[in-house]
Amino acid sequence: MEKIISDKNNLQVLFEDNHIIVVNKRPGDIVQGDKTGDKPLSEVVKSYLKEKYYKPGDAYLGVVHRLDRPTSGIVLFSKTSKALPRLNKLFQKKEAQKTYWAIVKNAPPQKCATLIHFLKRNPKQNKSYAHIKEVPDSKEAILEYRMLKELDNYFLLEVDLHTGRHHQIRSQLSAIGSPIKGDLKYGFDRSNKDASIHLHARELKFIHPVKKDEIHIIAPPPDEVLWNNCLD
Numbered sequence: 004m005e006k007i008i009s010d011k012n013n014l015q016v017l018f019e020d021n022h023i024i025v026v027n028k029r030p031g032d033i034v035q036g037d038k039t040g041d042k043p044l045s046e047v048v049k050s051y052l053k054e055k056y057y058k059p060g061d062a063y064l065g066v067v068h069r070l071d072r073p074t075s076g077i078v079l080f081s082k083t084s085k086a087l088p089r090l091n092k093l094f095q096k097k098e099a100q101k102t103y104w105a106i107v108k109n110a111p112p113q114k115c116a117t118l119i120h121f122l123k124r125n126p127k128q129n130k131s132y133a134h135i136k137e138v139p140d141s142k143e144a145i146l147e148y149r150m151l152k153e154l155d156n157y158f159l160l161e162v163d164l165h166t167g168r169h170h171q172i173r174s175q176l177s178a179i180g181s182p183i184k185g186d187l188k189y190g191f192d193r194s195n196k197d198a199s200i201h202l203h204a205r206e207l208k209f210i211h212p213v214k215k216d217e218i219h220i221i222a223p224p225p226d227e228v229l230w231n232n233c234l235d
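FYI, the numbering for the sequence shown is 4 to 235, going by my numbering.
Source of the hints: derived by calculation from the structure; they are not laboratory data. Just so it is clear, CB atoms sit at the ideal spot from N, CA and C, and this is done for glycine as well. Possibly wrong hints are sitting among the right ones.
[Claimed, not checked] Here are the in silico distance ranges between beta carbons for each label pair:
id, residue 1, residue 2, range
1, Asp61, Asp20, 30 to 36 Å
2, Lys152, Glu46, 34 to 40 Å
3, Lys215, Gln35, 25 to 31 Å
4, Asp20, Val138, 40 to 46 Å
5, Lys196, Gly60, 38 to 44 Å
[Claimed, not checked] Below are the DSS-like pairs computed for lysine-lysine, each with C-alpha atoms no more than 27 Å apart in a straight line:
id, residue 1, residue 2
6, Lys42, Lys58
7, Lys55, Lys96
8, Lys38, Lys130
9, Lys82, Lys114
10, Lys96, Lys196
11, Lys92, Lys49
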């Protein structure tokens with residue numbers, strides 16, 4: 004079930020215990036600081052923890068993974084130095100199951116399929132190019148998708164990642180002729196007004212790094228007409 008335990012100061016907390024905190028990132032937020040100088044989500048979470056627990060100094064927070072700035076959804080942080088390396092290892096070994104929702108304009112060739120491409124990243128363009136065959140400096144990218152819903156002018160896809168490459172979902176869906184709504188970089192014809200793209204980190208399943216029980220998080224998508232239609 005979707006569950007929000009706190010929604011203060013523009014921070015939507017989905018789960019929290021002594022070792023981890025999971026938040027629902029809004030499109031436009033950056034997870035860590037960059038050259039823009041905009042306040043990152045990590046600092047917002049630190050401020051939340053400092054205020055909640057009356058900490059005299061800075062709160063500890065470890066960044067486990069990132070989401071692209073225009074996307075929304077689940078971001079997991081570590082609250083302790085004990086949990087951070089365990090979470091890092093869990094993600095490195097692909098033991099965290101990540102599921103995304105993507106809204107695309109064009110229906111993919113099949114209603115469900117496994118996509119295998121070789122992605123080559125261009126750092127200057129901050130873009131990854133999908134190739135059918137391996138090319139120099141490329142990395143194999145694998146995902147599964149299934150069509151969940153046909154909307155009036157769009158299609159809702161659910162995507163399970165088997166690898167975690169740069170811009171993987173955006174690049175691979177574009178390569179099959181189904182760019183994500185608002186994603187100008189990967190072939191959509193116009194941007195969204197708020198510079199977001201309709202890609203949402205919907206679910207995350209993993210084994211708790213300390214307690215060893217299974218954690219299953221589901222994040223509600225942004226409160227916006229098209230996303231709301233997906234929930235009807």
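Going down the list of hints, with the structure as the test:
1. Asp61 - Asp20: 30 to 36 Å: Roughly 20 Å apart at Cβ, these two residues miss the hinted range, so it is violated.
2. Lys152 - Glu46: 34 to 40 Å: holds, 36 Å
3. Lys215 - Gln35: 25 to 31 Å: With a Cβ separation near 28 Å, Lys215 and Gln35 satisfy 25 to 31 Å, so the hint holds.
4. Asp20 - Val138: 40 to 46 Å: holds, 44 Å
5. Lys196 - Gly60: 38 to 44 Å: Holds - the Cβ-Cβ distance for Lys196 and Gly60, about 40 Å, lies within 38 to 44 Å.
6. Lys42 - Lys58: holds, 20 Å
7. Lys55 - Lys96: With a Cα-Cα distance of about 33 Å, the restraint between Lys55 and Lys96 is violated, given a limit of 27 Å.
8. Lys38 - Lys130: holds, 17 Å
9. Lys82 - Lys114: Given that 27 Å is the threshold and the Cα spacing comes to 40 Å, the pair is violated.
10. Lys96 - Lys196: With a Cα-Cα distance of about 37 Å, the restraint between Lys96 and Lys196 is violated, given a limit of 27 Å.
11. Lys92 - Lys49: holds, 23 Å
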